[in-house]
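Chemist: Keeping the supplied structure of chain X fixed, place chain S with the ligands upon it in accordance with the hints.
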Amino acid sequence: MDKEFAYSFKDYVKYGNGFKDLNPISKLTISLCLGIASCVIHRWQFGIFLFFLGIILALYTRVFDRFIRSLLVIAIPLLLLTSIMRQLQYGHVEGNTPIFKIFGWQWYKEPFIASMDIAWYIIGFSSVLLIYFLNTEMKDLMLALENRGVTHVASYIMLSSMQSIIDMRKSANTILESQKARGIETDGNVIVRMKAFFPTLGPILLSAMSGTEEKAIAMDARAFSHDGGHTYLRVLRPIPVWEYVIDALAVLVLIGSIVYAIMSSMHAL
Amino acid sequence: MSFIELKDVSYKYPYTKDFALKDVNCSFEKGKFYGIIGENGGGKTTLCNLIRGLIPHFYLGKLTGECKIEGKDIRDWDTAELSSKIGYVFQNPFTQISGIKSTVFEEVAIGLENLGVPKDEMIERVMKVCEQLDIGHLIKNNPNNLSGGQRQRVAFASIIAMDTDTLVIDEPTSQLDPEGTENVFKIIESLKHSNKTIILVEHKIDLIAQFCDEILVMENGSVAFSGPTHEVLTKRELFEHKASIPEVSKFGLAMEDAGKPLSAIPITIEEAYELIKERG
Ligand SMILES: Nc1ncnc2c1ncn2[C@@H]1O[C@H](COP(=O)(O)OP(=O)(O)O)[C@@H](O)[C@H]1O
Ligand SMILES: [Mg+2]
Numbered sequence: 001m002d003k004e005f006a007y008s009f010k011d012y013v014k015y016g017n018g019f020k021d022l023n024p025i026s027k028l029t030i031s032l033c034l035g036i037a038s039c040v041i042h043r044w045q046f047g048i049f050l051f052f053l054g055i056i057l058a059l060y061t062r063v064f065d066r067f068i069r070s071l072l073v074i075a076i077p078l079l080l081l082t083s084i085m086r087q088l089q090y091g092h093v094e095g096n097t098p099i100f101k102i103f104g105w106q107w108y109k110e111p112f113i114a115s116m117d118i119a120w121y122i123i124g125f126s127s128v129l130l131i132y133f134l135n136t137e138m139k140d141l142m143l144a145l146e147n148r149g150v151t152h153v154a155s156y157i158m159l160s161s162m163q164s165i166i167d168m169r170k171s172a173n174t175i176l177e178s179q180k181a182r183g184i185e186t187d188g189n190v191i192v193r194m195k196a197f198f199p200t201l202g203p204i205l206l207s208a209m210s211g212t213e214e215k216a217i218a219m220d221a222r223a224f225s226h227d228g229g230h231t232y233l234r235v236l237r238p239i240p241v242w243e244y245v246i247d248a249l250a251v252l253v254l255i256g257s258i259v260y261a262i263m264s265s266m267h268a269l
Numbered sequence: 001m002s003f004i005e006l007k008d009v010s011y012k013y014p015y016t017k018d019f020a021l022k023d024v025n026c027s028f029e030k031g032k033f034y035g036i037i038g039e040n041g042g043g044k045t046t047l048c049n050l051i052r053g054l055i056p057h058f059y060l061g062k063l064t065g066e067c068k069i070e071g072k073d074i075r076d077w078d079t080a081e082l083s084s085k086i087g088y089v090f091q092n093p094f095t096q097i098s099g100i101k102s103t104v105f106e107e108v109a110i111g112l113e114n115l116g117v118p119k120d121e122m123i124e125r126v127m128k129v130c131e132q133l134d135i136g137h138l139i140k141n142n143p144n145n146l147s148g149g150q151r152q153r154v155a156f157a158s159i160i161a162m163d164t165d166t167l168v169i170d171e172p173t174s175q176l177d178p179e180g181t182e183n184v185f186k187i188i189e190s191l192k193h194s195n196k197t198i199i200l201v202e203h204k205i206d207l208i209a210q211f212c213d214e215i216l217v218m219e220n221g222s223v224a225f226s227g228p229t230h231e232v233l234t235k236r237e238l239f240e241h242k243a244s245i246p247e248v249s250k251f252g253l254a255m256e257d258a259g260k261p262l263s264a265i266p267i268t269i270e271e272a273y274e275l276i277k278e279r280g
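In order, the protein sequence lines correspond to chains X and S.
Per the working numbering, numbering through the first sequence is continuous, rising by one, with the last residue being 269.
Per the working numbering, numbering through the second sequence is continuous, rising by one, with the last residue being 280.
Isolated chain S, as found in the complex:
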């Protein structure tokens, strides 16, 4: 049985006409790294909200179908319990600051305070995470006065500090410059090696290609494609869809069209390099 399992799930936010999720079927296994891509308004954030139990516990609205976490229906989960199992980094950095702490260091510690982590351990963990997320120089700053990118990293840090087995991360780099993005992905890579289950929504397809075991493509509230990363990203249909695929995959497909195919469609620069080298 999968860790998270959705069967024919549809969901409509309150006071809206259209379904934000339509007949979604998918599952997530423990320890794997999932990427969710797709156009804006496709339902990626809504799917995250559901997995984290905000739907139906916080967002009311109409939920049908079956969504199970560890075999237990999402409706039966206690959100407080879910919050200590599944970490969730939101898309909007501006509302992710608590507003009740006067330094970044205290801000990052909030989750640990709520979880009842002993103080000395808390200090060590916060220091480590701040180091990791490259916000060490900000620890004395007031979180309410940070820029969007800084807030995003602080929010990310406060969730990582909680060290949950599962992480849902919604567009963590939307406010970051290329260097900041690089940094966040280094962290995500290190999380990958820590055996966590990770569900990452991200537009930067090259990064998805590099890190994810499996991919879901959301479109109009449904899962348009899903499967192992390599399989999904080299699909011709996906290319013909609006969905973006890595430039090197486009290149691979174009080579096929030109009648000079590589032995496989690459999804990362490294793969492309190997494939081209092999052809000589």
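The following block holds chain X by itself, in its conformation from the complex:
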């Protein structure tokens, strides 16, 4: 037996990475504050700032690959669509400043900046949230919430639903594989795949549902509803002062962004 692993539970939950080891709730606070600030400020400069912050954190926490792949899926279509739509809609408004031509199509500065504001505030928001989810185990978040008084029942429901999604995907794959083995076409265009997939839904849902009842009993056998104190094998690190300071800074950024938004809208009047 790996005794070192067993005894690692004596220590607090630790990943050995400064960002990953932040308390899931303070990490969430930071990400949400920055993300919401991005929506409130609504400026491409801030969006790009968060995007680069995201890249730095992704490199630091070694999730760059997944980060950039997921983000580009959102970012590229978003940038293209909003800028083209804006040009089409507001391109030839009186007084607009021409900036460049694409194949003879004149683009203007004002709608271009407006489209960049929109696209980048969404990209900025997505960046910080993506960084959060790539660096937070759901079980840690639930544990942190339990420490703040959320019942272990809620936490169980949340975590086991996530597992049943995984299980369902697994059984769907198994069924599709066996269909393929029996010569039923499962690859190809969307229609072919749908045709192969829909008949599997029934059995998958049924097995998921019948499993729930037995799982409830199995949890009962593990004294799930026993009251009189609950202890934890995994314990999160007590939150150090500097972590609260970072949280506070993030909240300040959010407040600052709201002030900025109010000021600039007053200025516009």
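The set of hints was computed from the structure by calculation and includes no laboratory data.
All C-beta atoms in this analysis are idealised placements derived from N, C-alpha and C, irrespective of residue type, glycine included.
Certain hints may be false.
Lysine-lysine pairs mimicking DSS-like chemistry, simulated, CA-CA at most 30 Å apart [said to hold, decoys possible]: (1) X:Lys-3 x X:Lys-139; (2) S:Lys-192 x X:Lys-3; (3) S:Lys-128 x X:Lys-139; (4) S:Lys-192 x S:Lys-7; (5) S:Lys-119 x X:Lys-20; (6) S:Lys-140 x X:Lys-14; (7) S:Lys-186 x S:Lys-32; (8) X:Lys-139 x X:Lys-170; (9) S:Lys-85 x X:Lys-10; (10) S:Lys-12 x S:Lys-62; (11) S:Lys-85 x S:Lys-32; (12) S:Lys-119 x X:Lys-14; (13) S:Lys-30 x S:Lys-204; (14) X:Lys-139 x S:Lys-140; (15) S:Lys-30 x S:Lys-186; (16) X:Lys-170 x S:Lys-140; (17) X:Lys-10 x S:Lys-119; (18) X:Lys-139 x S:Lys-119; (19) S:Lys-192 x S:Lys-68; (20) X:Lys-10 x S:Lys-140; (21) S:Lys-17 x S:Lys-62; (22) S:Lys-235 x S:Lys-7; (23) X:Lys-3 x X:Lys-14; (24) S:Lys-85 x X:Lys-139; (25) X:Lys-3 x S:Lys-128; (26) S:Lys-22 x S:Lys-7; (27) X:Lys-3 x S:Lys-186; (28) S:Lys-72 x S:Lys-22.
Okay, the calculated beta carbon distance ranges per label pair [as the list claims (entries may be wrong)]: (29) X:Val-153 x S:Asp-23: 32 to 40 Å; (30) S:Lys-128 x X:Gly-228: 20 to 28 Å; (31) S:Glu-274 x X:Ser-207: 46 to 54 Å; (32) S:Lys-128 x X:Gly-149: 31 to 39 Å; (33) X:Ser-210 x S:Lys-128: 30 to 38 Å.
Modeler: Here is chain S with the ligands on its own, set in the frame of chain X:
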């Protein structure tokens, strides 16, 4: 008074026509080891569900008669309280994994977390049980990706870790190979020496013969035979019934039929060996 006592108990699952238990009378005493055998669908699992309070608290349906645990009617027991008194290892290994833990080590610790066992003690107990159940090499694995046999052992471990005075174990070896079965029975033997009350449903009759103090034979929802192991397993009626008896007992009965009886009917190989040796 017995620890668990059933009087004229009948039970019908919801939406079913037939009774799964019919006029069951039996009792279980503290510290003894009971074996329950009988054909599939005979009501063994249902009896376990009742003793553990899942009937009537979880499975509704129709329950009549009297079922008392420590003198208190099963209907009046709080299931949460029962769960810390009576450990229950289910028959189906696939649903016995919580699905919320990402390593076997954490999985085995769940019951202890729920019971509020201090962390350091929890770690020691989980390590000990994993060692005992020969799943030490699996502690870092994801329980959701285990095979049936492995799941069964992990489930068994998480119940044993809770260290309840009474254990109800429903076919713990159904998914195991002979070696795994041997292992589980070694554990069961060690439990026997720890003075626990054990109720074990098991098909492998030779193992039952070796370990149990008393036996219940379930048939069609009723207790067909019950009593001390030796007495039950050497019953001619049982042999003539569909119920299985150890090969050596069949041999003993056959010797009687042939007019060359041993001085007793053996139920284990060791006994048979002694009896045959004595005859010379
Ligand atoms: N959850 C259930 N709902 C309805 N009927 C059940 C359920 N479980 C078992 N039964 C029925 O009760 C009878 C006894 O089954 P069971 O106790 O599982 O037998 P055994 O464990 O001896 O194989 C069977 O006829 C079975 O079909
Ligand atoms: Mg059964």
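Chemist: Taking the hints in turn, state whether each one holds.
Modeler: We went through each hint and held it up to the structure:
1. X:Lys-3 x X:Lys-139: holds (23 Å)
2. S:Lys-192 x X:Lys-3: With Cα atoms ~28 Å apart, Lys-192 (chain S) and Lys-3 (chain X) stay inside 30 Å; holds.
3. S:Lys-128 x X:Lys-139: The given pair, whose Cα atoms are some 25 Å apart, holds under the 30 Å limit.
4. S:Lys-192 x S:Lys-7: holds (27 Å)
5. S:Lys-119 x X:Lys-20: OK: Lys-119 (chain S) and Lys-20 (chain X) at ~24 Å, within 30 Å.
6. S:Lys-140 x X:Lys-14: Answer holds: Lys-140 (chain S) to Lys-14 (chain X) is near 16 Å, not above 30 Å.
7. S:Lys-186 x S:Lys-32: Answer holds: Lys-186 (chain S) to Lys-32 (chain S) is near 17 Å, not above 30 Å.
8. X:Lys-139 x X:Lys-170: Holds, because 21 Å separates the two Cα atoms, which is no more than 30 Å.
9. S:Lys-85 x X:Lys-10: Between Lys-85 (chain S) and Lys-10 (chain X) the Cα gap is close to 28 Å, so the pair holds against 30 Å.
10. S:Lys-12 x S:Lys-62: The given pair, whose Cα atoms are some 5 Å apart, holds under the 30 Å limit.
11. S:Lys-85 x S:Lys-32: Holds - the C-alpha atoms of Lys-32 (chain S) and Lys-85 (chain S) are around 16 Å apart, at most 30 Å.
12. S:Lys-119 x X:Lys-14: holds (16 Å)
13. S:Lys-30 x S:Lys-204: The given pair, whose Cα atoms are some 24 Å apart, holds under the 30 Å limit.
14. X:Lys-139 x S:Lys-140: It holds: about 16 Å lies between the C-alpha atoms, which stays within 30 Å.
15. S:Lys-30 x S:Lys-186: holds (21 Å)
16. X:Lys-170 x S:Lys-140: Judged against 30 Å, a Cα distance of about 21 Å means the pair holds.
17. X:Lys-10 x S:Lys-119: Distance ~7 Å between Lys-10 (chain X) and Lys-119 (chain S) Cα, so the pair holds.
18. X:Lys-139 x S:Lys-119: holds (18 Å)
19. S:Lys-192 x S:Lys-68: holds (23 Å)
20. X:Lys-10 x S:Lys-140: holds (15 Å)
21. S:Lys-17 x S:Lys-62: With a Cα-Cα distance of about 11 Å, the restraint between Lys-17 (chain S) and Lys-62 (chain S) holds, given a limit of 30 Å.
22. S:Lys-235 x S:Lys-7: Given that 30 Å is the threshold and the Cα spacing comes to 24 Å, the pair holds.
23. X:Lys-3 x X:Lys-14: Holds. Lys-3 (chain X) to Lys-14 (chain X) sits at ~17 Å (cutoff 30 Å).
24. S:Lys-85 x X:Lys-139: holds (29 Å)
25. X:Lys-3 x S:Lys-128: holds (11 Å)
26. S:Lys-22 x S:Lys-7: holds (11 Å)
27. X:Lys-3 x S:Lys-186: holds (23 Å)
28. S:Lys-72 x S:Lys-22: holds (21 Å)
29. X:Val-153 x S:Asp-23: 32 to 40 Å: holds (39 Å)
30. S:Lys-128 x X:Gly-228: 20 to 28 Å: holds (24 Å)
31. S:Glu-274 x X:Ser-207: 46 to 54 Å: holds (51 Å)
32. S:Lys-128 x X:Gly-149: 31 to 39 Å: For Lys-128 (chain S) and Gly-149 (chain X) the Cβ distance comes to about 33 Å; the hint holds.
33. X:Ser-210 x S:Lys-128: 30 to 38 Å: Holds: the Cβ-Cβ distance is about 34 Å, inside 30 to 38 Å.
Hint compliance for this structure: no hint is broken.
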